[in-house]
Amino acid sequence: MPKLIWREPIATTTITSRQPTGEELGPDAVPRAREPEPEPKAEAPRRVVTLGDIAGRESGGLVVLLVAVGILTLASDEFLTGNNLANLARQVAIFGIIAVGQLVVILTAGIDLSVGSVLGLSGASTAQFLVAGMPIWPAFLLGVAIGTVLGIVNGLLVTRALLPPFIATLGMLGIARGIVLVTTDAQTVQGLPSGFQDIANGTILGIPNLLIIAVVVTGVMWFVLSRTVFGRYIYAVGSNPESARLAGVPVRMVTTSVYAISGLLAGLGGVLLASRLGAGIPTAGTGFELNAIAACVIGGASLFGAKGSAIGAATGALIMGVLNNGGNLLAINAFYLQIAIGVLILVAVGFDQLNTRRSATAG
Amino acid sequence: MKAKEPVVELRDVSKAFGPVQALTDVSLRLIPGQVNCLAGENGAGKSTLIRVLTGALRRDSGSYEIDGRSVTSPTPASVRAAGVQAVYQELSLLPHLSVAENLFMGRLPARTGVIATGRLRDRAREALDEVGLTDLSPDAIVERLPAATRQLVEIAKVLTADSVKVVVFDEPTTALTEAESARLLEYILRLRERGIAMLYVTHRLEEMFEIGDWVTVLRDGSLSEAGPISDYDEDRLITAMVGREISSLYPETHRHAGTPALRVRGLRRFHDSPSIDLEVGTGEILGIGGLLGSGRSELLLSIFGADPIVAGELEVAGRPVKPSGPRAMMNAGVGLLTEDRKVLGLLPELSIRENVTIASLRSGSRHGLLPPREQAEEADRLLDSLRLRAGSYDQPVSTLSGGNQQKVLLARWLLTKPKVLIFDEPTKGIDVGAKGELYTVIGDLAAKGLGVIVVSSYLPELLGLADRILVLRDGRVAGELPGTATEEDVLRLASGGGRAAEPVLQEEIPAPREGGPASSEGAGAAIPPTPDDPGEVSRDA
Numbered sequence: 001m002p003k004l005i006w007r008e009p010i011a012t013t014t015i016t017s018r019q020p021t022g023e024e025l026g027p028d029a030v031p032r033a034r035e036p037e038p039e040p041k042a043e044a045p046r047r048v049v050t051l052g053d054i055a056g057r058e059s060g061g062l063v064v065l066l067v068a069v070g071i072l073t074l075a076s077d078e079f080l081t082g083n084n085l086a087n088l089a090r091q092v093a094i095f096g097i098i099a100v101g102q103l104v105v106i107l108t109a110g111i112d113l114s115v116g117s118v119l120g121l122s123g124a125s126t127a128q129f130l131v132a133g134m135p136i137w138p139a140f141l142l143g144v145a146i147g148t149v150l151g152i153v154n155g156l157l158v159t160r161a162l163l164p165p166f167i168a169t170l171g172m173l174g175i176a177r178g179i180v181l182v183t184t185d186a187q188t189v190q191g192l193p194s195g196f197q198d199i200a201n202g203t204i205l206g207i208p209n210l211l212i213i214a215v216v217v218t219g220v221m222w223f224v225l226s227r228t229v230f231g232r233y234i235y236a237v238g239s240n241p242e243s244a245r246l247a248g249v250p251v252r253m254v255t256t257s258v259y260a261i262s263g264l265l266a267g268l269g270g271v272l273l274a275s276r277l278g279a280g281i282p283t284a285g286t287g288f289e290l291n292a293i294a295a296c297v298i299g300g301a302s303l304f305g306a307k308g309s310a311i312g313a314a315t316g317a318l319i320m321g322v323l324n325n326g327g328n329l330l331a332i333n334a335f336y337l338q339i340a341i342g343v344l345i346l347v348a349v350g351f352d353q354l355n356t357r358r359s360a361t362a363g
Numbered sequence: 001m002k003a004k005e006p007v008v009e010l011r012d013v014s015k016a017f018g019p020v021q022a023l024t025d026v027s028l029r030l031i032p033g034q035v036n037c038l039a040g041e042n043g044a045g046k047s048t049l050i051r052v053l054t055g056a057l058r059r060d061s062g063s064y065e066i067d068g069r070s071v072t073s074p075t076p077a078s079v080r081a082a083g084v085q086a087v088y089q090e091l092s093l094l095p096h097l098s099v100a101e102n103l104f105m106g107r108l109p110a111r112t113g114v115i116a117t118g119r120l121r122d123r124a125r126e127a128l129d130e131v132g133l134t135d136l137s138p139d140a141i142v143e144r145l146p147a148a149t150r151q152l153v154e155i156a157k158v159l160t161a162d163s164v165k166v167v168v169f170d171e172p173t174t175a176l177t178e179a180e181s182a183r184l185l186e187y188i189l190r191l192r193e194r195g196i197a198m199l200y201v202t203h204r205l206e207e208m209f210e211i212g213d214w215v216t217v218l219r220d221g222s223l224s225e226a227g228p229i230s231d232y233d234e235d236r237l238i239t240a241m242v243g244r245e246i247s248s249l250y251p252e253t254h255r256h257a258g259t260p261a262l263r264v265r266g267l268r269r270f271h272d273s274p275s276i277d278l279e280v281g282t283g284e285i286l287g288i289g290g291l292l293g294s295g296r297s298e299l300l301l302s303i304f305g306a307d308p309i310v311a312g313e314l315e316v317a318g319r320p321v322k323p324s325g326p327r328a329m330m331n332a333g334v335g336l337l338t339e340d341r342k343v344l345g346l347l348p349e350l351s352i353r354e355n356v357t358i359a360s361l362r363s364g365s366r367h368g369l370l371p372p373r374e375q376a377e378e379a380d381r382l383l384d385s386l387r388l389r390a391g392s393y394d395q396p397v398s399t400l401s402g403g404n405q406q407k408v409l410l411a412r413w414l415l416t417k418p419k420v421l422i423f424d425e426p427t428k429g430i431d432v433g434a435k436g437e438l439y440t441v442i443g444d445l446a447a448k449g450l451g452v453i454v455v456s457s458y459l460p461e462l463l464g465l466a467d468r469i470l471v472l473r474d475g476r477v478a479g480e481l482p483g484t485a486t487e488e489d490v491l492r493l494a495s496g497g498g499r500a501a502e503p504v505l506q507e508e509i510p511a512p513r514e515g516g517p518a519s520s521e522g523a524g525a526a527i528p529p530t531p532d533d534p535g536e537v538s539r540d541a
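Going down the list, the sequences are from chains A and B. Going by full-length UniProt numbering, the residue at position 275 of the first sequence is 275; the numbering climbs one at a time, nothing skipped. Going by full-length UniProt numbering, the residue at position 357 of the second sequence is 357; the numbering climbs one at a time, nothing skipped.
Just chain B, same shape as in the assembly:
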């Protein structure tokens, strides 16, 4: 194996986005028949590296060689033609078309513009057989397929390329259940036997140990460590990923949790989903951590009444509230800053000021007329105090940068005079300078007596901000940690790499999936201890 020459070699590659250095002198070798696992925290530079590799981004410096030939100005098309293929986490399939059409989209076999249906089906059959989907009809419509099958179709599509030397997998198992992941990993091992070089990116440590030959660890945009996976165990890998103290950019954490500002009891999103309890005191910041897909955002939306729940009691400042909708929660004094500002938060065509006042119009209005000037002036004062950088508060909110948009949303909720504020990934897509400002503001709000909940996948942020951390895994609370916990503690709870002290996490618990179809298998398996344990009783109690 060692004798083999690398098919792709990156040497000392650097990439900066404005003032932010995303990659610094990173080297990477992909060798035929080897699975190279790329590890690192969120924001460590993994996706930047992948985008440089696939030609989606131009590197600033360093060399890039495919098969010993230097690649000077790569484009996605030229890199693909050279044999470097990528399977992305967000599926790129067209949901309404058939499997066969998807496999060959852009190069459908045709004679004078008429699709050669027979030839298309034959070639699709071949491609599907190759990935083991022997019983999948090429005429099946993609949107009706389960996620794992779609992921395999995606791989089949990649393999129909003329030249396949390298395949990059970007978190392919995120959307899959355990059983589905196992099937995918098995297939990746088969690709390895065929001598294809692979770069595998995942957050699940156990997968790396299962299929990896080599591991490359990134930290803060530079190479932390690299070596054969056999040299590593879980602890050493986590240390290599984290290996850094939390900087002082976070506000001081000398706060005292007062009376409960928000209390959630037995919240259940579906009949077979685990029930969740949580509590935030006034003046306290509760952090919620967990991997992608662990149900963090869904939990917040349920608490805010934006997603329906089947059971659960909510109390805001000691008063029971029925979470019948965002409006009810808003009136009770709860505000939510959503993760996806563009889709779930902003009203892009409306002005900055209109975006701030929209949630407070009714409370300030008399006889349905727009509130008097004072409310707009109060909004302006709030925006001033948040140091919003804008030419005019009358300009459309879509002209602002991410950090400033987040401030607009924050001002929207502050204007409603909330008792509890919920932040979902508050600094996602925000440049570094604005992050510090936002942290200070969040700290100040808690100091003023608000109950604050922060969800973040960026661990230093979570640890730096929160007084207490709740870790979710597969939709249930995996454990609670003090604000002084380390990143290792959180990662271990979140990825289920726990010790024997946490027996529940060791069980193979299938992720509670959305919707009904999973309920039959999920009902039995969701109860950890023994199958003959009368699980229904304990769940309903």
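The shape of chain A in the complex, shown without the other chains:
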């Protein structure tokens, strides 16, 4: 009777702990673990450093961005002027801040549909506080706090009431918008102090404040996601919440926090928008949630979680901003731009699917 052979001779490669070339190897350059004699050295010569190795999943977005910028620079004399770029930065900044907040939620395989409404409520509330005579900074912070609280409510609905994120935040979308329409009676809140308007419209050393804020937000989120324990936990929850829980990750706390972050950034965006427009507009932010999701997806995030980065989301927002800006400069019908952005989303996700499938068959 043939016996099973228990101990097979296995060639084992061990890698030294810090292999200098190992860092740049993409997943498809790596030999399959099951292969009898993986020779990592043999892989080295045919290694080509691609954009993907440097920029990771955002590389597709970066390429699109560079191409769009290049074309617009050639096609329009006005595009690469300081004035237009400052204008572009102001348009994109608020939008980028919300997209980064949305990304953090998407990384946990969740979604936040309420960001547009929360933005509207925070902005209009701040405007009302100011008109009622509240000093600028308390009103500013209170507006941001409103967004944060609504975010925490979203998080609790998801983690405690166990509602699906889509439903919880869809409910909040309606509630927040309804509240702002009730409190403002659907009227624009006007007469904001000029000191408040300067926050979003001012510049430091010629750089728009809004751009600085957006860069800081993106930078902080990049740091949190890539350098902190909390950031690593976010990816772990998005990858497999049950595994994460059994590895000691406080899944509920992390999940609640990401909605709080999204709410906080939506609140910040709302206050900044009110400052930029010099008025609290009750309908501000309508439809922003879908744009924020689109920016994340274009920037390489996966709606199934655990894939994406803050810089990617910001890049996605920038692409959409550049396309809009370029469309205006070239006097292209804005309706065509909507089609273009729709196509861009499909292409971005389509390429990602293709890559995933290819690396799945290869490795």
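FYI, nobody ran anything at the bench for these hints, they're computed from the structure. For every residue, glycine included, the Cβ atom is placed at its ideal position computed from N, Cα and C. Take these hints with a grain of salt, some might be off.
Stated by the list, open to error - Pairwise CB distance ranges (calculated): (1) A:Gly219 with B:Phe17: 49 to 57 Å; (2) A:Gly133 with B:Arg366: 56 to 64 Å; (3) B:Arg366 with A:Leu354: 35 to 43 Å; (4) A:Ile345 with B:Phe17: 52 to 60 Å; (5) B:Pro95 with A:Tyr336: 40 to 48 Å; (6) A:Val131 with B:Glu377: 53 to 61 Å; (7) B:Ile115 with A:Thr183: 47 to 55 Å; (8) A:Thr183 with B:Asp340: 36 to 44 Å.
Starting from the structure of chain A, add chain B where the hints point.
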């Protein structure tokens, strides 16, 4: 009966998966009106044989005949069309649809795309009546039905096929209670009267004797014995299934159990579930055995704090611990390697290194920042020492083979410097070569003074690794055996085929079922001796 020609005949069938020979020259005859029981340990090749039979796997050599006609390249569809149907252990019903829709899914009666509701209901009614589900409405939603009814609906679905000559049952009673099983077995006997040939796979020996005509025993992928069931008793059957010494691939067992590393007292998962005590010493390997559904994995998850418990005290290295969650147990020094790595262990999108460090990030972190490089380097050293085969520790963990994934999880827990490590089916889905390595590692860990608990349904593994074996049956401890016990001893305790010396096991104890609905009947019956015995008092004491 003997005059009948076999409807299905497999002769000298072999099948290999890479270097592992799963089946060697196995022959099987299925005769109309006979129940052929397929017996064998886990890993003996039963499921491979079934998959060859149903066309899910292509055989490497040997012949396969249905009704005397040779089947050259079977597919699941062609085999089904030829009359060989299978009822699987994992139900294949769609839970949100109605019974009738499930019965005829894929061939719903319709006119120009519109479902003919009346005709569907009539035909479903017929099919349900045939399996004795006369009071079940065809419009009932499947997910609201009890497990046994679902199993019968599954059978009804199989019987609606155009041609039914052979039905394969793959452990149909695993999820059922005793009473439900009895009903199912009764129905199988009725199918036998209708002249259908059946292949019946089960781990419960008593069922084989109840309904079997013929028994085919597999061992290590080849035919051990086959014959009329009347020639067998329990002992002879077990010997035929086991009949093998434990190979020397397991580490030496010259260990001394030190002070208790983990002590569990009166652990209870539900109010009416039996209470469990166990203890592992430092440097000791405790094995936990039992059949599928005996509550092994659930016990581990409860100890680890991942499943809630209603009562029980836990001590790790002499210190009481409240099992409030995996985090608390982790901090106390307990690690769990789960059975289902994909669902309960790995973070597939994250890199190998990130998977290893995830449980230790907090302890190594200052001000919430990721720990310094040293932790990653320590993780790398651990992975090196476990001989992980990977191109780079930065690649996603999902690109690794099963054995290497298990090593990653092991490294994750070793990095937390545990006092107790719990392994749930450590070698499930791992190729043979990697198994030996893992056994050595587990032995080394115990030798270094860790308390180790291993749960395994593979008996040679359990006996080879463990110093002591706790056998579970129906959620309670059926007995404890020394590491020198034989597979027969374990099987006997686990399947309740015990002697008079173990009176508790002879009783018809309904399995403690999850959730509330069973509590009313379970409360009275869970107390073995007499019904008028004030059971509540003894349970609460």
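These are the hints, each one checked on the structure:
1. A:Gly219 with B:Phe17: 49 to 57 Å: holds (51 Å)
2. A:Gly133 with B:Arg366: 56 to 64 Å: Distance hint for Gly133 of chain A, Arg366 of chain B is violated at roughly 45 Å.
3. B:Arg366 with A:Leu354: 35 to 43 Å: holds (42 Å)
4. A:Ile345 with B:Phe17: 52 to 60 Å: violated (43 Å)
5. B:Pro95 with A:Tyr336: 40 to 48 Å: Check passed, 46 Å falls within 40 to 48 Å.
6. A:Val131 with B:Glu377: 53 to 61 Å: Cβ of Val131 of chain A to Cβ of Glu377 of chain B: about 58 Å, so the range 53 to 61 Å holds.
7. B:Ile115 with A:Thr183: 47 to 55 Å: The hint (47 to 55 Å, Cβ to Cβ) holds, given that Ile115 of chain B and Thr183 of chain A are roughly 51 Å apart.
8. A:Thr183 with B:Asp340: 36 to 44 Å: violated (50 Å)
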